[in-house]
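Protein chains in written order, with the working numbering: chain A, 613 to 948; chain B, 613 to 948; chain C, 613 to 948; chain D, 613 to 948.
Errors might be hidden in some of the hints.
As the list makes no split between identical chains, a pair holds if one copy fits it or if it spans any two.
[Said to hold, decoys possible] Result set (SDA-like, lysine to any residue): computed pairs, CA atoms no more than 25 Å apart in a straight line:
1) Lys672 x Pro806
2) Lys672 x Gly905
3) Lys685 x Ile727
4) Lys856 x Ala788
5) Lys685 x Ala785
6) Lys944 x Glu904
7) Lys672 x Leu648
8) Lys685 x Lys944
9) Lys685 x His716
10) Lys856 x Leu773
11) Lys944 x Tyr705
To be clear, the hints were calculated from the coordinates, so they are not data collected in a lab.
There are 4 protein chains.
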Amino acid sequence: MNTIGKILTLTTFGESHGPAMGGVLDGMPAGVDIDLDLLQCFVDRRRTGQHMGSSMRGEKDRVEVLSGIWQGKTLGTPIGFVVRNTDARSADYEEIARCYRPNHADYTWDAKYGIRDPRGGGRASARETVARVVAGGIAVQALNRLGISIEAHVVQVGPRLGVAAEEQERLVAEAAKDGDTLGGIIECVVRGVPAGLGEPLFGKLHAQLAAAMMSIPSVHGFEYGDGFDMASKRGSDVMDLFVKREDGSIGTATNHSGGIQGGISNGEDITMRIAFKPVPTLMRPVATVDREGNPMTLQPRGRHDACVLPRALPIVEAMAALVILDNYLIKKTNVL
Amino acid sequence: MNTIGKILTLTTFGESHGPAMGGVLDGMPAGVDIDLDLLQCFVDRRRTGQHMGSSMRGEKDRVEVLSGIWQGKTLGTPIGFVVRNTDARSADYEEIARCYRPNHADYTWDAKYGIRDPRGGGRASARETVARVVAGGIAVQALNRLGISIEAHVVQVGPRLGVAAEEQERLVAEAAKDGDTLGGIIECVVRGVPAGLGEPLFGKLHAQLAAAMMSIPSVHGFEYGDGFDMASKRGSDVMDLFVKREDGSIGTATNHSGGIQGGISNGEDITMRIAFKPVPTLMRPVATVDREGNPMTLQPRGRHDACVLPRALPIVEAMAALVILDNYLIKKTNVL
Amino acid sequence: MNTIGKILTLTTFGESHGPAMGGVLDGMPAGVDIDLDLLQCFVDRRRTGQHMGSSMRGEKDRVEVLSGIWQGKTLGTPIGFVVRNTDARSADYEEIARCYRPNHADYTWDAKYGIRDPRGGGRASARETVARVVAGGIAVQALNRLGISIEAHVVQVGPRLGVAAEEQERLVAEAAKDGDTLGGIIECVVRGVPAGLGEPLFGKLHAQLAAAMMSIPSVHGFEYGDGFDMASKRGSDVMDLFVKREDGSIGTATNHSGGIQGGISNGEDITMRIAFKPVPTLMRPVATVDREGNPMTLQPRGRHDACVLPRALPIVEAMAALVILDNYLIKKTNVL
Amino acid sequence: MNTIGKILTLTTFGESHGPAMGGVLDGMPAGVDIDLDLLQCFVDRRRTGQHMGSSMRGEKDRVEVLSGIWQGKTLGTPIGFVVRNTDARSADYEEIARCYRPNHADYTWDAKYGIRDPRGGGRASARETVARVVAGGIAVQALNRLGISIEAHVVQVGPRLGVAAEEQERLVAEAAKDGDTLGGIIECVVRGVPAGLGEPLFGKLHAQLAAAMMSIPSVHGFEYGDGFDMASKRGSDVMDLFVKREDGSIGTATNHSGGIQGGISNGEDITMRIAFKPVPTLMRPVATVDREGNPMTLQPRGRHDACVLPRALPIVEAMAALVILDNYLIKKTNVL
């Protein structure tokens, strides 16, 4: 249940204020060159303290690879890795143990397990995503060698669409000043995917991508191609007509389908959009209840992002990479 | 890859014009009363010829249960079932074998397997959903005994929101008259789900629901709770404050979260919306290419829906039922 | 839990006296020629009434393929199939519903599910193996095209080793005359397997083969290569020294390892032995208890084999074929 | 492929001379008391240097739990752990990189992956079992709380049966003096298992146990109950007749079935025997070939056990514990 993927599988572990986060990436093909410095750079894109309105928690997030890569190459064996938690300040979170923060997982966690680690949100903290980024960063390098690239960018912050980086920071700062937070939308494009990836039924490529993206903390919606807009169109408006390209291959003149038809990639760019809710931790007093349901007021504390979108970009790319590479491997088994 | 679920698993098979569609529902608990007449009624809701603009293919869709249910009760053994294809007219589809229909899976299927059954779309036909509805209908009956109910309804047809049934039919008829088709949005509500279902990480309840819904043919988007609207809001706008109910239990005053927090159900109604693209088969000539990429014109033929939404309602409910019941069973393993 | 395999998966269903046995073979590569007459012949090898001491139940065991094979070729889609139960005489089994037969699954089934189908043993009947043989027979045909062949033979009946077919029949007839039954040992050899199949850790090729063989009804032991004899030897006695073959390839001079080293095939013949317990149904009165634990005597009835080994040969071959083909496909994913 | 289990899953990683071995135990129920000192004691039973004829490699094998256990209780989250490799002397192994040791996995590994870590056998080293013992030790503690206990003991060393500890050491020393090695047989008994665990078809309890035991390095055979002896008996010889016990429960007078009938536990002791081949590394020159197939002589070096059986006892217990606890959890899902 902490594992994703079929051939290429990622299993992660770690609580926010435990000794370390980590994971096991299994099923990576053997003999793939992996540049660990490049991997660290990819992971660093997710770190805090780099963006306006991001948490002040100062984790170094040094990736320690424990197995599966030797002399710069994958061995075909599972890649175990850890990222130490070095800047956990658990004192900040003691109150949380006896109350339920709204729009957090405190209540549901208790309902499920009857026990939870309240320090920094425990495993429900978005800190778990560091393990996704490590594994995804490895998958990205493998995909790049196949000519496949992945790029995510913020296309909406709060109500504002198509915002430039500066504008983003201004909007987030504005909300943060009010002790408030913002959501937004990330678009992700995967280029260079060969036609034929994805499974026709329950494992449609977009269904796998949806599950992967919806598993990222705070995500509330997923669409691919023209997505929800498709619903309001007539069939004739969104028809991606086939064309014969100069090199003799078959492509489509438009890409309303987002590079996936019948759950299988068609060789066009894969496009998807992911909606994030605003961060649930406000920097102002919030009315809530304790474990017995009695009203109480929660005072703001801890170190939290006012908007997670900039930090979420490598997470989205990582999840896309894991799904695409897994399906690339699955496709190899479609013929004898 | 034709299987969904963890404890409760559904595996399906069948091509549109082969002898039969069918499936195996495994992991159903033993001793659950199943009413096969009620099941047939559930499956009948998906049949063609009942709605304006729906396909004229006249399948009876009689469910034949082959195992796993005896004397009206589940045995705990796999429930095998078939639904015969009795009204397949393969002659209609011969041209398809040598061309690629736009927005269909013909091209991608060839790219993946190098072979396909062109009769009626083969396995890429939405006819495969009959197996989902059979299995989901069994899950619905089990959930009902637990006090859990599921209801899907059409909330948008083409560009029109909140349409009544008559209005729906008129809009679809209008498009059909032009040889065109419509998409739309279905909302699904699950009531009575206890708090604590869903897995915190990759198996978030909404991630599983997203994968299940996105695997339905023609679906292009999924959101739960306030979904994409969440992205444009501030944190303080969408805070579901906790309240102590009269019976002493804890609930929330609002439900922007759609009944799921941190990937785990919180006891409120689970709400989600699913966007369907317009049916890709138009009843008018369409420009396309053959398998070598040469231009050709495809003449309209066959029997096709102009809008799938009314028939999709039981499919959406079926997929929701399978996911919820599976997670209900998984939760039993969270304590020793 | 009624599914086996990773890429190539078999899911089966069916109770002995229900309408049909059946299954879904998923993950078969596309474009493989399958001869359905040959498949029927393979399945017929498992039928009753062909061997001395075998059950008189006269099932025809006609295989009906419902999907996944078209015009003699696999489509890459799941292969659904059923085999009807046509000669079930449930009246024979009514007493069983209220008692527990020794060495059968009646008691354990009740302990697990609280309900069971007593007709012909329900799903606990060895009749379920017909679905394994259908699926395995398809896998055998695919393997044959790869130059891989599988052959099982009886090497022990009761206490007698290396028995010829006539001698076997005489021994079984002798036991049957006393209303008694016999066990024995089957050896299975897989030839032509390329080096490199199998997973190094939990999925060692022999671990997968062990699980597959031990899942066959009545099997009590599994060994590969020199097996249990290995335990009593010194390392120097069982060393399979490497040799360079005339064609330049590397092989071993002996094959104590049974074609598998470190869980991975080495290109030599894969050899294994499977021990079957004697059939638990005697043709004489047996003391037992009813569901409340009260003593009672069970009178012999029904139609039962006195020795299952001849009929088990295609079952063993089928299970071997499923495992080998699955691992053949998995190996394709070991490189990018 | 480095994962075992269904609800309770163990994923391991690590090469013999890499930085660390480790694993993730997922699916452990929440709220179970775990004594980490007791766990370390369990792991220490597997360490080298404690038995005659065991390797001189002096690993401390300190278990570092990184997640999933807090304040002495499981959280329901994945339990990540590492055991550092501190005494790896890779210089000993350089020759291995260019040759294939007989009865080792060097050749098959190259055939599979085209690359391998030759230091200490890489992932093919039995050092990987330390991760199994850590995870299994946690499962043992959970089982003990349920009244279930597991005990493995050596019942054969080389050709000698029923040997006492002193005699074992003498036999091993004798072989070691000749630069030779010994195999043997371990018996494992699980007491206190409730009736009803195990899946009737492919997941028979003994099939799962077989797969788990056969996945331990050097194991060549598995049997449960009377095992291979069953094959030479008549049905009437091995009938476990039912009896009503004084407390009203139903048991069997004998236990030829080894506590499992129809793949499901019947409440009697579960008994099984596991055959180990002799250690493949001899302490004398061995003729072999290099990667091109040219003959060469391999000189003895490194630190190796002359007989692994004493150290294998906790490994066998660990694997049994993982399987039994997993099936205990699965059984909870058999009713609604």
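Cα distance capped at 25 Å. Does lysine 672 pair with proline 806 within a copy, between copies, both, or neither? neither (37 Å within a copy, 40 Å between copies)
State whether the alpha carbon distance between lysine 685 and histidine 716 is at most 25 Å within one copy, between copies, both, or neither. between (41 Å within a copy, 23 Å between copies)
Alpha-carbon proximity context of lysine 856 and leucine 773, limit 25 Å: neither (35 Å within a copy, 38 Å between copies)
With 25 Å as the alpha-carbon cut-off, assign the pair lysine 944 and tyrosine 705 to within, between, both or neither. neither (48 Å within a copy, 30 Å between copies)
With identical chains, the pair lysine 672 and glycine 905 could be close in the same copy or across copies; at 25 Å between alpha carbons, which is it: within, between, both, or neither? neither (38 Å within a copy, 49 Å between copies)
For the identical chains here, do lysine 685 and isoleucine 727 meet the 25 Å Cα criterion within one copy, between copies, both, or neither? Answer is between: at 9 Å across copies they meet the 25 Å cutoff, but 41 Å inside does not.
At 25 Å max between alpha carbons, let me know whether lysine 685 reaches alanine 785 within a copy, between copies, both or neither. This pair counts as neither: shortest intra-copy Cα distance 43 Å, inter-copy 41 Å.
Is it within a copy, between copies, both, or neither that the alpha carbon of lysine 672 lies no farther than 25 Å from that of leucine 648? within (15 Å within a copy, 29 Å between copies)
Checking lysine 944 and glutamate 904: alpha-carbon separation at most 25 Å within a copy, between copies, both or neither? between (54 Å within a copy, 24 Å between copies)
Give the relationship of lysine 685 and lysine 944 under a CA distance limit of 25 Å: within one copy only, between copies only, both, or neither. Both. Shortest intra-copy (21 Å) and inter-copy (19 Å) distances satisfy the 25 Å Cα cut-off.
Please work out whether the CA atoms of lysine 856 and alanine 788 approach to 25 Å or closer within one copy, between two copies, in both situations, or in neither? neither (51 Å within a copy, 30 Å between copies)
Of the numbered hints stated above, those contradicted by the structure are hints 1, 2, 4, 5, 10 and 11, listed in ascending order.
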